[in-house]
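> Guided by the hints, dock chain H with the ligands onto chain U, whose structure is given.
Chains as they are written, first to last, in our numbering: chain U, 179 to 487; chain H, 179 to 487.
These are calculated hints, taken from the structure and not from any lab test. One or more hints might be untrue.
Identical chains blur together in the list; that is why a pair holds if it fits in one copy or across any two.
Computed cross-link-like contacts, DSS-like style, restricted to lysine-lysine with a CA-CA straight-line distance of at most 30 Å [as the list claims (entries may be wrong)]:
| id | residue 1 | residue 2 |
| --- | --- | --- |
| 1 | K473 | K391 |
| 2 | K269 | K367 |
| 3 | K465 | K394 |
| 4 | K246 | K473 |
| 5 | K414 | K473 |
| 6 | K414 | K230 |
| 7 | K230 | K465 |
| 8 | K391 | K269 |
| 9 | K269 | K425 |
| 10 | K473 | K394 |
| 11 | K297 | K219 |
| 12 | K248 | K425 |
| 13 | K302 | K394 |
| 14 | K230 | K219 |
| 15 | K414 | K248 |
2 protein chains.
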Amino acid sequence: SKSNTPAQAPPVVHYHLNNLTTSRTPIDNQETVLILTPLVKFYQEYWDNLLKLNYPHELISLGYIIPKTKEGNAAYAALQAQVTKTQSGPKNKRFASVTILRQDTESPLQSQSEAERHKMENQKVRRAAMAKARNSLLFTTMGPMTSWVLWMDADIVETPPTLIQDLAAYDVPIIAPNVFQRFYNTDTKSQDIRPYDYNNWIDSPTAKEMGAKMGKDDILLEGYAEMATYRSLMAKMYDASADPTAKVQLDGVGGATLLVKAEVHRDGAMFPAFPFYHLIETEGFAKMAARLNWKSYGLPNYLVYHDNE
Amino acid sequence: SKSNTPAQAPPVVHYHLNNLTTSRTPIDNQETVLILTPLVKFYQEYWDNLLKLNYPHELISLGYIIPKTKEGNAAYAALQAQVTKTQSGPKNKRFASVTILRQDTESPLQSQSEAERHKMENQKVRRAAMAKARNSLLFTTMGPMTSWVLWMDADIVETPPTLIQDLAAYDVPIIAPNVFQRFYNTDTKSQDIRPYDYNNWIDSPTAKEMGAKMGKDDILLEGYAEMATYRSLMAKMYDASADPTAKVQLDGVGGATLLVKAEVHRDGAMFPAFPFYHLIETEGFAKMAARLNWKSYGLPNYLVYHDNE
Ligand SMILES: Nc1nc2c(ncn2[C@@H]2O[C@H](COP(=O)(O)OP(=O)(O)O)[C@@H](O)[C@H]2O)c(=O)[nH]1
Ligand SMILES: Nc1nc2c(ncn2[C@@H]2O[C@H](COP(=O)(O)OP(=O)(O)O)[C@@H](O)[C@H]2O)c(=O)[nH]1
Ligand SMILES: [Mn+2]
Ligand SMILES: [Mn+2]
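If we strip away everything but chain U, and leave its shape as in the complex, we get (with noise of 0.2 Å):
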């Protein structure tokens, strides 16, 4: 249905959190998982490719959350024709449910090309609205069932078909996979891959001083010449000879594919959309975890792949 009238609710419902299981074996478990993506512009390949997770669809809920733009519009229809096909396909690759939020604040930027949102003077107005539309959609979709959460950008377009499994067997509060990009590599003349996302990182004495001496609203950014932290990123940490199981602890990470578990976002993490100890969104939220004793991790050998504009 597509109106805003209130599902018939049954008059009282018991849950009892304890009863839930994040574990090592979610599927044996039947812990459900909570898609979520925050959606300005479609891509059929992160579609295809959430088709083709192998982790049981009956126990995945999808969660969206697209700004009221005519870029917008565009996602909405188009991932409203994916959904509708779908969920009335085959039943074995039915989601449990899909949620789609229709954002009620403006985008702040409305180009969205990647040099315009890599600028470092748009970055802290951009992550703040991104920080608010991530809440917005934890906040609202997120239920009693859920165990987990795995956040997953739009734009991410490969992942391996056992992405939920492989990364809950590490059973940790958070956890972050490598996100590279395909690209042409015109000196080798060949398929190459290289790192994208710079959110994952070691933390660094620079980076801490650097926070200590800045004002209190001002952030720190990562990936930006102008602003070296030395932090150590999880980006450059791959190494395709070692042991691919390979983890980190991290400080900060990225949201473009990140597993939690529901109950750190329970507890209050959630993506601060103004400086928190120097850092906003998803950096800001792995701190805010930390002080709710919740540890990070990454995996920089295991990789997912970021869309190549």
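Showing chain H with the ligands alone in chain U's frame:
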């Protein structure tokens, strides 16, 4: 149903957050209210008072979180009995839905006498636990149709039946009535009232200085002689002869009775379980909301009553 099986969800639900209103005239606009109560002891007067609220019950959903302790089990049984009675009673008294969560963590303090729970050295752990309970409840029960969240403690035993309409009429992001307590005054030998909740306050230069000199994990508390903050307490501003509709802007709020526009929470404002600007739980919530540009207000001359042990 008592089981943890997920409710059968429709395949796709679309929600337009910008069609959701939070207005001065919430009944005309059919705005839904989610009343959230962390509960460790059940008071019949609380439930009777809830039933007397004359906001249309079909627009009200209730949410509870109850610890897994002996005391919590007793509260759970008492609540269940009343819920069953109400939800099978006259249609116009029934609430839209009731969600009861059992907490997955232990209460850090077993004794819950007023004297014990108000001891200064117990406050930080106790309020951190309360913050997590509030967040679990909020993140788990707020849905796409929620317009308002009314926080109401289980020991609030008396409010005007027009509470929701009265508070909503101010059309502000966050609003708190003044929480008083009835008692027998042995001096005047008659029933009297006195302030109860000291968490609704306007900040002071002294408190700010104290905060600036504290360690990063220390917290400011209100209502303790050994930590005089010189904040202006709403509890002290009550004036029976003054304008009953008077409104003041606040920097800290209590959660005993508090009306919040759902969009404030959706932006990410939650109850920090860690020191946030040296504030925690509901007081930290007001500060976090302020960081998200949402203002808090209080009504010094609009009273609700806390139980008197
Ligand atoms: N709801 C919403 N989603 C957005 C907005 N801007 C970007 N997104 C989505 O948020 C995710 C991250 O944004 P993106 O521009 O890819 O970030 P980057 O790859 O880190 O530069 C993607 O899934 C986008 O489709 C917005 O204003 N509102
Ligand atoms: N879920 C949960 N609720 C609690 C716990 N401790 C207190 N409460 C409830 O939280 C609210 C505030 O607690 P209360 O002890 O009345 O606080 P005070 O009046 O500020 O001292 C009341 O509704 C209590 O029933 C707890 O450990 N877990
Ligand atoms: Mn992207
Ligand atoms: Mn109380």
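> None of the hints should be skipped; say for each whether it holds.
Status of each hint after checking the structure:
| no. | hint | result |
| --- | --- | --- |
| 1 | K473 <-> K391 | both (26 Å within a copy, 29 Å between copies) |
| 2 | K269 <-> K367 | neither (43 Å within a copy, 73 Å between copies) |
| 3 | K465 <-> K394 | both (16 Å within a copy, 14 Å between copies) |
| 4 | K246 <-> K473 | between (35 Å within a copy, 26 Å between copies) |
| 5 | K414 <-> K473 | within (21 Å within a copy, 43 Å between copies) |
| 6 | K414 <-> K230 | within (28 Å within a copy, 62 Å between copies) |
| 7 | K230 <-> K465 | neither (32 Å within a copy, 44 Å between copies) |
| 8 | K391 <-> K269 | neither (57 Å within a copy, 61 Å between copies) |
| 9 | K269 <-> K425 | neither (36 Å within a copy, 56 Å between copies) |
| 10 | K473 <-> K394 | both (25 Å within a copy, 20 Å between copies) |
| 11 | K297 <-> K219 | within (19 Å within a copy, 54 Å between copies) |
| 12 | K248 <-> K425 | neither (41 Å within a copy, 41 Å between copies) |
| 13 | K302 <-> K394 | both (14 Å within a copy, 25 Å between copies) |
| 14 | K230 <-> K219 | within (20 Å within a copy, 48 Å between copies) |
| 15 | K414 <-> K248 | neither (36 Å within a copy, 52 Å between copies) |
Of the numbered hints given earlier, the model fails hints 2, 7, 8, 9, 12 and 15; all others are met.
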